[in-house]
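Given chain A, work out where chains B, C and D with the ligands should sit, using these hints.
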Amino acid sequence: MQLEARLRELRSQGRKLLVPYVTGGIRDDWVDIARAMVDGGADALEIGIPFSDPAMDGPTIQEASAVALARGTTPASVFADLRGADLGVPLVAMTYYNLVFRAGHQRFAEALASSGICAAIVPDLCLEESREWEAEAAQANIETVLLAAPVTPDDRMAAICERSRGFVYGVGLMGVTGARPELAASTAELATRLKAHTDRPVLMGFGISTPDQAAEVAASADGVIVASALMRPVLDGASSESVGALVQQLRSGLDQTTTG
Amino acid sequence: MQLEARLRELRSQGRKLLVPYVTGGIRDDWVDIARAMVDGGADALEIGIPFSDPAMDGPTIQEASAVALARGTTPASVFADLRGADLGVPLVAMTYYNLVFRAGHQRFAEALASSGICAAIVPDLCLEESREWEAEAAQANIETVLLAAPVTPDDRMAAICERSRGFVYGVGLMGVTGARPELAASTAELATRLKAHTDRPVLMGFGISTPDQAAEVAASADGVIVASALMRPVLDGASSESVGALVQQLRSGLDQTTTG
Amino acid sequence: MSEHSGRFGDFGGRYVPEALVPACAELEKAFSEAWQAPEFRAELDGLLRTYAGRPTELTECPRLSEELGIRLLLKREDLTHTGSHKINNVLGQALLTRTMGKPRFIAETGAGQHGVAAATAAARFGLECVVYMGEVDVERQELNVFRMRLLGAEVRPVSSGSRTLKDAINEALRDWVASVESTHYCIGSVVGPHPYPWMVRELQRVVGDEARGQARDLLGGDPDVVVACVGGGSNAAGTFAGFLDTDARLVGVEAEGGAAVGRGVPGVVHGSKSLLLQDEEGQIAEAHSISAGLDYPGVGPEHAHWAASDAVRYVSVGDDAVVSAVRRLARTEGILAALEPAHALAWIIAASGTDELPAGSTVVMTLSGRGDKDVAHLIGLE
Amino acid sequence: MSEHSGRFGDFGGRYVPEALVPACAELEKAFSEAWQAPEFRAELDGLLRTYAGRPTELTECPRLSEELGIRLLLKREDLTHTGSHKINNVLGQALLTRTMGKPRFIAETGAGQHGVAAATAAARFGLECVVYMGEVDVERQELNVFRMRLLGAEVRPVSSGSRTLKDAINEALRDWVASVESTHYCIGSVVGPHPYPWMVRELQRVVGDEARGQARDLLGGDPDVVVACVGGGSNAAGTFAGFLDTDARLVGVEAEGGAAVGRGVPGVVHGSKSLLLQDEEGQIAEAHSISAGLDYPGVGPEHAHWAASDAVRYVSVGDDAVVSAVRRLARTEGILAALEPAHALAWIIAASGTDELPAGSTVVMTLSGRGDKDVAHLIGLE
Ligand SMILES: Cc1ncc(COP(=O)(O)O)c(C=O)c1O
Ligand SMILES: Cc1ncc(COP(=O)(O)O)c(C=O)c1O
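Chains A, B, C and D, in that order, give the protein sequences. Counting from 1, one number per residue, gives the positions in the first sequence under this note's numbering. Counting from 1, one number per residue, gives the positions in the second sequence under this note's numbering. Counting from 1, one number per residue, gives the positions in the third sequence under this note's numbering. Counting from 1, one number per residue, gives the positions in the fourth sequence under this note's numbering.
For reference, chain A alone in the conformation it holds in the complex (with noise of 0.2 Å):
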C-alpha cells in the first residue's frame, strides 16, 4: 500500500485525515494498541522506532521511548512484531537518523519494507541531509515525509513540498511534542502556508490532543498526527480498546470538520 496514493484517495472523498502515532514496544500488546487505533478510524498509522536520544520529542515521547528501550525494543524487534499483523492502513516510521545510518540506509529502508511499512519520517535530517536517503529508500518503495516548521523560509518550504512522498508534515509549533492545553496559532498559519505551496496531503503534528484541536487543524490541513496524546494514557496502562475510544473521538471531531 502506498502511503501517498492512500491519502489523496481518502482526501478526494472529502475525509480529514487522522495519524495516530505508537511507539513500537512501549508494551507488550503495542501491536493490539495500533489496531485498536485503526479500529477507532485511522487512516495510516505512524510507528515509533525509540531512539535513545530522541531530541525532539518532549516528556511523553521521551518515556514511550525510554520504556520501549528498557523493554529491550529493537528496530528489528518493531520490525518482526509488525510482520504479517495485516494492519490495513499504511504505516510510516518515524525515528532518528543515527538508527537509519547504523544500519545502512538500504538495509533499513528494506527492513522497513519488509514489514510492510511503506514511508518514514526522520526528523533530524534537514533537507540538505537527506537527499541520499530518500533516494535509497525510493528504491526500495519508501516514501519519505519531509517536515516543515513554522519558521522555514518560502523558498525552502517550495523544496520541502517538493520533495517530500506521502504527505507533508507540518511541524505545528515551534517546541518538541507533547500535548498543549492550547493549539499554538502556528498551526493554522503553517497550514494555510502550506496548503498554498503544495497540492500534497499535508498532515499537522505536534502539539494536537483533543478532538476540537484536531478539527480546528483539520479546518486548515488535509489531517492530523497525534502522539502524545495517546502515548500518555498507553505509558499510564490504558487498554488498547480504551486508546482505541480515544482516536474514535478524535475521528468524530475531525468528521465534523469535512467538508462535502
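Think of the hints as simulated: they come from the structure by calculation, not from any bench. Where a beta carbon is used, it is the ideal one built from N, C-alpha and C, also for glycine. Treat each hint with caution, since some may be false.
[What the hints assert, rightly or not] Cross-link-like lysine to aspartate or glutamate pairs, in silico, DMTMM-like; alpha carbons within 25 Å at most:
(1) C:29 to A:128
(2) A:195 to A:162
(3) C:29 to C:43
(4) C:29 to A:154
(5) B:195 to B:9
(6) D:29 to B:155
(7) A:195 to A:155
(8) C:29 to A:155
[What the hints assert, rightly or not] Label-pair restraints from in silico Cβ distances:
(9) C:350 to D:245: 52 to 60 Å
(10) D:66 to C:159: 35 to 43 Å
(11) C:360 to D:246: 32 to 40 Å
[Claimed, not checked] One-sided and incomplete, this derived list gives chain C residues near chain A with beta-carbon spacing under 8 Å:
(12) 14
(13) 15
(14) 16
(15) 17
(16) 19
(17) 177
(18) 267
(19) 268
(20) 282
(21) 284
(22) 360
(23) 361
Same frame as chain A, but now just chains B, C and D with the ligands:
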C-alpha cells in the same frame, strides 16, 4: 621583698630554687593553691595574669588562661586577690605585653607593686622592645626578669644577663610551655651557658615537671620554674593540698641536688 | 578565514530538524561575517585580554619534568577567568548573540565549566541565561552549580537518559527548538550542527596560537609532542589548530569510558556526523568517566576526521590513572588540574620513557581547567 | 630598597620571645639582601609571570559602572594562580625559604587562600607544609581545606580561642617556636614581627605597581580613588604602595565586625604594635565577619600608621552589604568576587553618588580574590 636579693640569699645557703607557677584566677581558691605551694617549699611564686592569646603557651596554660578568663578574671581581680594575702615569698607576675601596654607601663607597674608583686616576666618582650618597660617598672620597684632561649647567641645572652633583674629565666627548650616526658637536652646546655655568663640566679623553665627532672636541671642551674605540671591537676580538680604535696615532691627532688 | 562547508572529510554536517535550520544558517552567517570583521576580532581580543586574562602562560614544570625525564610545558587555561578554556568560546558566542539581537542565552554543561562560562558571559552582556545539566553532574559538580546560580543563571537539572552531558545537550536542543527566535544556544564544544564545530574551534584556536608562539620563545622551536584531553574536543581542537602545520606530534587523550574515537563508530547525534559510542542498532551508549566533562559518548566531527586522516593520534586513559595524575601534579608543581586535563597528563606520565614519549621529549600540554570543582569529589575518594 | 627599621611611626616592631629573635633577624637579613639582588628579583618576577599569571588585568566594569555613575576598574588578583593576591607573597617567601636552607614551611590561614597559596608554593619548591586554620574557618572554607590537602599540605584545625584566624596565628607561632631551625613561618599578611609587615608589603606591591601603570594606560592619569579591603591588610598595602605618591585618595575597607582601624586601639599582638580590637584590660576581642579572611581583630602596623597620618582613609561595611555586593558584581559583570574584596565593592556601591565618590569618579579597586571558596556558604544564606 626584693626578688633577686631573696634568691641570691637562698642560693648562698646552698638551696636550689623552686618557683612554681599558678594562673591567677584559675579557681576560686587560687590564692589557697598559691599558699599551699609556698607551704610545699616554693622560694618564690610566678603568678600568671591570664591573657586571651597566650601564643607562647602550650595546651595546659592555654586552658588555664581560658578557664580563668571565663571566670571573669582580670588583671585587677588578680591584684585584688593578692592584696593582703601575704604569701611570704616574692611574687613574680607573668603576663603578655598587651595587658601591660594597654594599662600603661607605669600604671601596670604600680598596680603590681601595690598588690605585693615585686617582679615581672613578659615573654613577648624581647630585648629590643623591653627597655622602656624595664625602666618604668624599676621606678615602681618592679624587677623585670628577662628570658634567654637555646638559640640566643652569646652576645645577646650577655646583654640579657646584664639587664635582667630578679633572675635570668632560661627557656629550656625550643617550644611552648608544657610538661614533657623527657627533659630536653637543651635545658642543661642553656643552663650551663647562662651560668657561664652571669652571677645572677639562673632559673630554668619549660618542660620541667617531675622531681627527677627538677633535680637534673638543678645540677646545672640555680633552680627551676614549674608550671604546666602543676596547673594540669588544678584544672582536673585537685585540692590545693595535693598541689602543695606536688610542690613538696619537687622540693625534695631539688634538695637532693643541693650542693653544700 | 572564509566560510566553511560544515564538513570535515566524511564527518560534520547539519543534522537538525527544519525548525532549527534557519537559526543555524543565521549563526553561520553571523559568525562568518564577524570572523572576517576587524572590529569584531578587536572587541573579542579586548575581552579575552582585559576580562578573561589572556594570554595565559605556558608554564614549565621543573619537578615533574625531572621525574619524568621530559620537558613538560603546561598551557595554563586554568588561569583564565572562570577557570577553563570554555571562556574563550562563550565570549565569542555572547558577542555574536548581541550581534544577532537575541536576549536569551542557553547552554548545556557537563563539568559545569561551560555552564559557568556561559552564565558569566551572559551576565557580562546582560543576557538571560538557562543552563541544562545532567542530574549526575549537578551532584558531582556542585560548586559549579552554585557559581552559575550566583551569576544569575537558572540551572535546570536533566533527569532523562544517563543524566549527564549528552542528555543535557538533548534538553538544550529541546529548549532551543521552542525558543529559537529569541535564544542563542551556546554549545560548549566542537560538536553540534554546522557552524558550531567550526566556529567553536576557531574561537578556541587562540589556545593553540598562543601556545605555539610561547613554545617557540621557550624552546626555540616547536615541541615534539602536543597533548590535550578530548571530551567534545574543543580545547584539543583549539590547541591542535595552532600546531597542525608544524612537525609536532598531536595526541588527543580520551576517557577510557568515553573514547568515541578509540572505540566509537560513525554515527549521527546532536546535529553532526562523527564517531560515537553506540550499540549495534545505533542506540547511543552511556559514557562512563570520573570527569563530567569527558563523560560524553561522542566527539567533535573534526576529531573524527583528524583520526581518519592520521593527523592526530588518539589514546585513552582510565579513571585511576587520572586521579593519580591530579595528585601528582598538585604535589610536585602546586597546580590543581581539573579531572579533564588530568587525562592528558595521565597519558604523558604513562608514556614518558616509552617510544611514545622518549626521554628528553619536549611536550606542550593544554591544562584546560583548574580542579577546584573536583576537589570535593576527589577527597571523597580517599 | 634599603633595610627597614621595622617601625611605621608608632607602630610595628618585633614583639617576640627570645626564641624567635634569631629567626626574625635571619629572615630580615635574607629578605634585605634578596630584595636588592637582581637575580632574586628576576627569579621571583619569572615565577610571578610564568607560574602565577602576572600581570593581572585591570578590568573595566561597563554595566556596574553605568549603574553606579562612576568608572570602576578592577585589579584582577582573582585571576592569579590559586585565585588571590596571596600567591604573590608566598612565592617570595618560598624563594627565601630555599635561600635560608629550611625544608619546612608553615602558615596560618583564615579564608584558606593563604593556606592554599602556601601549600602551592611548598609543593612547587618541594617543602614540607603545615597549615593552621581555625575550626570555624575549616568549616566555612571547606573547599580550600580540600585543596590544601590535595596539594600535599597537612591542615591542622585550631580549636582554641575564637577558632578563627587570630588563633591560627597563635598556633603557627607555637609551632614555629618549636621548629624554628628547620622551619620558615610564612605569614600571610602585613602583620607579625619585623620584617614581616615590611616584607609582605614589598612582596605585594606588585599589585599596586601594575595597577598604577595600567590605570595610566586606561585613564591617561591616576584614578581619583583607590580602594582595597583590609583584613591583615596585605592586598591593601600592596595596592596602596603603588599609589602613595599620587593624588589618588586611598580607601581601606574593613569588615564592620573586624574594624581594627575603625574601632581598635593601640595594642600588641602577634609580634607587632598596631591597632587592635580589645577590651579595657587588653584582652583581644573576637572579630566577627562573614568573610574568614577579614575575621581578624588586628591590622598590619603600617595601616595603623597610615590611618594616624591620614595617608589612607579607613571605612567599614557590614555583612549584608557585602553579600549583596557579591551578587551584584556577579550579575552585572560575570565576576564572582570573594567575600573579602566584596567589602571594598560594598563601600563603593554605598559611596557612589555621595561626596565620598561623586558621579564620574574613576575608581581602581583591588579584587583580591575569587569567590569560589565562598559560594557554598553564600548559597546556604539564600
Ligand atoms: C576543564 C575542562 N577540560 C576539558 C573539557 C572537555 O571539553 P572539550 O573536550 O570540549 O575541551 C571540559 C568540559 O567541561 C572541561 O571543563
Ligand atoms: C581574597 C582575600 N582578600 C583579602 C584577604 C585579607 O587579607 P589581606 O588584608 O592581608 O589582604 C584575604 C585573606 O584571606 C583573602 O583571601
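Checked hints:
Distance hint between residue 29 of chain C and residue 128 of chain A is fulfilled; the C-alpha atoms sit about 17 Å from each other, no more than 25 Å. Proposed proximity of residue 195 of chain A and residue 162 of chain A is supported: the alpha carbons are some 12 Å apart, at most 25 Å. Between residue 29 of chain C and residue 43 of chain C the CA atoms are separated by roughly 18 Å; this keeps the pair inside 25 Å, and the hint holds. Only pairs whose Cα atoms come within 25 Å are accepted, and residue 29 of chain C paired with residue 154 of chain A is accepted, the gap being roughly 19 Å.
Between the alpha carbons of residue 195 of chain B and residue 9 of chain B the distance comes to roughly 17 Å, so the proposed pair stays at or under 25 Å and holds. With a C-alpha separation of about 18 Å, the suggested pair residue 29 of chain D and residue 155 of chain B falls inside the 25 Å cut-off, and the hint holds. Pair hint residue 195 of chain A plus residue 155 of chain A holds up; C-alpha atoms about 14 Å apart against a cutoff of 25 Å. Straight-line distance between C-alpha atoms of residue 29 of chain C and residue 155 of chain A comes to about 18 Å, which keeps the hinted pair within the 25 Å bound.
With their beta carbons about 55 Å apart, residue 350 of chain C and residue 245 of chain D fall inside the hinted range of 52 to 60 Å. Between residue 66 of chain D and residue 159 of chain C the Cβ separation comes to about 40 Å, which falls inside the hinted range of 35 to 43 Å. Distance hint check for residue 360 of chain C and residue 246 of chain D: the Cβ-Cβ separation is about 51 Å, which falls outside the suggested range of 32 to 40 Å. Taking 8 Å as the C-beta cut-off, the interface hint given for residue 14 of chain C holds, the closest approach to chain A being about 6 Å.
Of the supplied interface hints, the one on residue 15 of chain C holds, with its beta-carbon coming within about 5 Å of a beta-carbon of chain A, less than 8 Å. The criterion of a C-beta within 8 Å of any C-beta in chain A is met by residue 16 of chain C, whose closest approach is roughly 6 Å, and the hint holds. Interface restraint check: residue 17 of chain C against chain A, minimum CB-CB distance 5 Å, threshold 8 Å, status holds. Annotation: interface hint on residue 19 of chain C holds; nearest CB of chain A at approximately 4 Å, less than 8 Å.
With a least beta-carbon distance of about 6 Å to chain A, the hint placing residue 177 of chain C at the interface is held under the 8 Å criterion. Checking residue 267 of chain C against chain A: minimum C-beta separation of about 5 Å stays under 8 Å; hint holds. Here the hint on residue 268 of chain C is kept, as its CB sits about 5 Å from the closest CB of chain A, short of 8 Å. At a threshold of 8 Å, the smallest CB-CB gap from residue 282 of chain C to chain A is about 3 Å, leaving the interface hint in force.
Hint status for residue 284 of chain C relative to chain A: holds, with the closest Cβ pair at about 5 Å, below 8 Å. Checking residue 360 of chain C against chain A by beta carbon gives a least distance of about 45 Å; that is not within 8 Å, so the hint is violated. For the restraint placing residue 361 of chain C at the interface with chain A, the shortest Cβ-Cβ distance is roughly 40 Å, beyond the 8 Å limit, so the hint is violated.
Checked against the numbered hints given earlier, the structure breaks hints 11, 22, 23 and satisfies all the rest.
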